[in-house]
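Student: Line order of the protein sequences matches chains A and B. For the first sequence, the working numbering assigns the number 1333 to the initial residue and increments by one for each residue that follows. For the second sequence, the working numbering assigns the number 37 to the initial residue and increments by one for each residue that follows.
Derived by calculation from the structure, the hints in this document are not laboratory data. Wrong hints could be hidden among the right ones.
Cross-link-like lysine to aspartate or glutamate pairs, in silico, EDC-like; alpha carbons within 20 Å at most [as the list claims (entries may be wrong)]:
hint: 1; chain 1: A; residue 1: Lys1393; chain 2: A; residue 2: Glu1363
hint: 2; chain 1: B; residue 1: Lys176; chain 2: B; residue 2: Asp166
hint: 3; chain 1: B; residue 1: Lys62; chain 2: A; residue 2: Glu1363
hint: 4; chain 1: B; residue 1: Lys64; chain 2: A; residue 2: Glu1363
hint: 5; chain 1: A; residue 1: Lys1471; chain 2: A; residue 2: Glu1549
hint: 6; chain 1: B; residue 1: Lys176; chain 2: B; residue 2: Asp137
Part of the chain B face toward chain A, derived, beta carbon under 10 Å [claimed, not checked]:
hint: 7; residue: Gly52
hint: 8; residue: Leu57
hint: 9; residue: Phe59
hint: 10; residue: Phe61
hint: 11; residue: Ile114
Label-pair restraints from in silico Cβ distances [to be verified]:
hint: 12; chain 1: B; residue 1: Tyr69; chain 2: A; residue 2: Phe1350; range: 58 to 66 Å
hint: 13; chain 1: B; residue 1: Phe59; chain 2: A; residue 2: Ala1389; range: 47 to 55 Å
hint: 14; chain 1: A; residue 1: Ala1388; chain 2: B; residue 2: Gly58; range: 27 to 35 Å
hint: 15; chain 1: A; residue 1: Ile1521; chain 2: B; residue 2: Arg51; range: 19 to 27 Å
hint: 16; chain 1: A; residue 1: Gly1611; chain 2: B; residue 2: Arg161; range: 29 to 37 Å
hint: 17; chain 1: A; residue 1: Arg1628; chain 2: B; residue 2: Ser104; range: 56 to 64 Å
C-beta atoms are modelled at their ideal positions from N, C-alpha and C, and glycine is treated no differently.
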Amino acid sequence: MTLPLWFIVLIKSAVLLFVVVTSFAYAMLAERKVMGWMQLRPGPNRVGPWGLLQPAADAVKLMLKEDLAPRTADPLLYRLAPFISLLTAFSVYAIIPFGSSSSGIWAIGNVNAGVLLLLAITSIGIYGVSLGGWASGSKYPLLGSVRSTAQMISYELAMGLSLVGVLIVAGTTSLAGIVEAQKNLWFFIPQFVAFLVYVITAVAETNRAPFDLVEAETELVAGFHTEYSGLRFGLFFIAEYVNMLTVSCIASLLFLGGWIGPFGWTWLPGIVWFLLKVGFFMFFYIWLRTTLPRFRYDRLMAFGWKVLLPVATLNLLVTAAVVALRG
Amino acid sequence: MAMRKRLYNVAAIIRGLSITLGFMFKRKPTIQYPSVRKKHAPRFHGLHELRRYADGKERCIGCELCSSACPANAITVIGAENAPGDRRSPGERYAARYEIDELRCIFCGMCEEACPTDAIVLTPRFEMSDYRRGSFIYPKDRLLVPPEGGVGVPPDERPGGIPADLGSVGEKKSTMDPQTGYDATFNGSLLK
Chain A
1333 MTLPLWFIVL IKSAVLLFVV VTSFAYAMLA ERKVMGWMQL RPGPNRVGPW GLLQPAADAV
1393 KLMLKEDLAP RTADPLLYRL APFISLLTAF SVYAIIPFGS SSSGIWAIGN VNAGVLLLLA
1453 ITSIGIYGVS LGGWASGSKY PLLGSVRSTA QMISYELAMG LSLVGVLIVA GTTSLAGIVE
1513 AQKNLWFFIP QFVAFLVYVI TAVAETNRAP FDLVEAETEL VAGFHTEYSG LRFGLFFIAE
1573 YVNMLTVSCI ASLLFLGGWI GPFGWTWLPG IVWFLLKVGF FMFFYIWLRT TLPRFRYDRL
1633 MAFGWKVLLP VATLNLLVTA AVVALRG
Chain B
37 MAMRKRLYNV AAIIRGLSIT LGFMFKRKPT IQYPSVRKKH APRFHGLHEL RRYADGKERC
97 IGCELCSSAC PANAITVIGA ENAPGDRRSP GERYAARYEI DELRCIFCGM CEEACPTDAI
157 VLTPRFEMSD YRRGSFIYPK DRLLVPPEGG VGVPPDERPG GIPADLGSVG EKKSTMDPQT
217 GYDATFNGSL LK
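Sequences are here, hints too, so could you generate the full structure?
Tutor: As structure tokens, this is what we get:
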């Protein structure tokens, strides 16, 4: 008996959604733990053994909190914005492949123009942040959303350019195809500059420290989500961490060979290699957050436009020239 | 020049990252307070206690010296004559009212030093938090050792009270109570 396609997709989506939400919860716990350790604290350890039930406690707390909206807020957009953030954050996972076996690629949909679709979907996520801040009808969120539009758009340029280098080397825009092209050599070696640019811009794209000017506590209270409370704040929170997972997945797929083990090792299943790489990037982002102070806003813009963008463009030109000359 | 400065910045970032990574594996100084308790200093000044004699009589003779010695004006004593048939203390007078406002108290121990009968002592108890201000004014019945509680903690015999080479009181063995965190040693050596 063959199941209808929509049913298979539905099951895949449900499983994936569960996995992503669970990994969000534990990414959050991991962040609090690792940040604690790096600041010589034990981190959360009261709820459940070793603090492992902390995400559940947080979820219950957020759900039970009052859902406030300022009187000056735009009623529709204010309520819609968190869902835009969350929806775009989740829908990316429809096209991210997690591994491959003889029966095919492990993904909900293996899209030919995977990288392009991915960039398109993640770009919509900006609307959640900027509309949410604007619709709050309050000063700090507005400033946060203005910053987010400037920051996320200018860093997205450098990010896109750094990915184009990979696309040229791989000769395909399919995510699974790019991973297959890294069978012999992971792309972070030939595309090292693009790798650096991508890692930096990815931090800025997800509004994480040291690029978290959108929600800079010391300047903007909490930035774009200042007025949000309860579950709606929780949705933004989930979206932020899911976006972190997304950029980590993309970094692993495009630069670290996805589910291909290092040195051709196959003693771990491909999915485990992939998750290890994603975990490494997640750790790296937490590590950065504990270490680096926040950028000043003009420095952020200068860095994006005067350093990252030229470097990414140069990398793209050199890559294109080398690929063209070699045939 | 500018390029060198930028490279220096990169080196600084890498150094910073290595510092935080190193800290991640350091031993954490956190003490999981309610379940694990820190050993406090041997002569820690905590909540007051009014002591008794071995026969159950109150030591306090209502002389009000503690009250006048108190730099924070936290102690109120109102003495009264002992009734011949019902003597509360061995002296002429006893404390009819004895109140300490623990919110005013600075836990300096001057009352303890002023007391001629060693009646008021500072115990190492420090967990006094409460919800109402009023409950920080400790009346006599909360300060006095209950009759079944013995005589209370003698000031000189508290762990680490007075080192052995400073007088005969130090020769008496101190008790060690791991539950409350008492440590009988004075810097680990003097009292054995």
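Student: Next, verify each hint and record whether it holds.
Tutor: Do the hints match the structure? See the list:
The suggested pairing of A/Lys1393 with A/Glu1363 holds, with an alpha-carbon distance near 19 Å, which does not exceed 20 Å. Proposed proximity of B/Lys176 and B/Asp166 is supported: the alpha carbons are some 18 Å apart, at most 20 Å. The hinted pair formed by B/Lys62 and A/Glu1363 meets the criterion: a straight-line CA distance of about 17 Å does not exceed 20 Å. With a C-alpha separation of about 17 Å, the suggested pair B/Lys64 and A/Glu1363 falls inside the 20 Å cut-off, and the hint holds.
Between the alpha carbons of A/Lys1471 and A/Glu1549 the distance comes to roughly 14 Å, so the proposed pair stays at or under 20 Å and holds. A threshold of 20 Å between alpha carbons decides the hint, and for B/Lys176 with B/Asp137 the separation of about 11 Å falls inside it, so the pair holds. For B/Gly52, the interface hint holds, the least distance from its beta-carbon to any beta-carbon of chain A being 5 Å, beneath 10 Å. Because the closest C-beta pair between B/Leu57 and chain A is about 7 Å apart, less than 10 Å, the hint holds.
Below 10 Å, beta-carbon pairs count as interface contacts, and B/Phe59 has one with chain A at about 5 Å; its hint therefore holds. A distance limit of 10 Å between C-beta atoms decides the matter here; for B/Phe61 the minimum to chain A is near 8 Å, and the interface restraint holds. Residue-level restraint check for B/Ile114 is violated (minimum Cβ-Cβ distance to chain A is 47 Å; threshold 10 Å). Range check, B/Tyr69 to A/Phe1350: Cβ separation about 37 Å, and the 58 to 66 Å hint is violated.
Checked against the hint of 47 to 55 Å, the C-beta distance between B/Phe59 and A/Ala1389 comes to roughly 27 Å, which is inconsistent with it. A/Ala1388 and B/Gly58 have their C-beta atoms about 32 Å apart, which keeps the hinted 27 to 35 Å range intact. Separation of A/Ile1521 from B/Arg51 is about 25 Å and conforms to the stated range, judged on CB atoms against 19 to 27 Å. At about 47 Å, the CB distance of A/Gly1611 to B/Arg161 disagrees with the hint of 29 to 37 Å.
Look at A/Arg1628 against B/Ser104: about 60 Å separates their beta carbons, and that is inside 56 to 64 Å.
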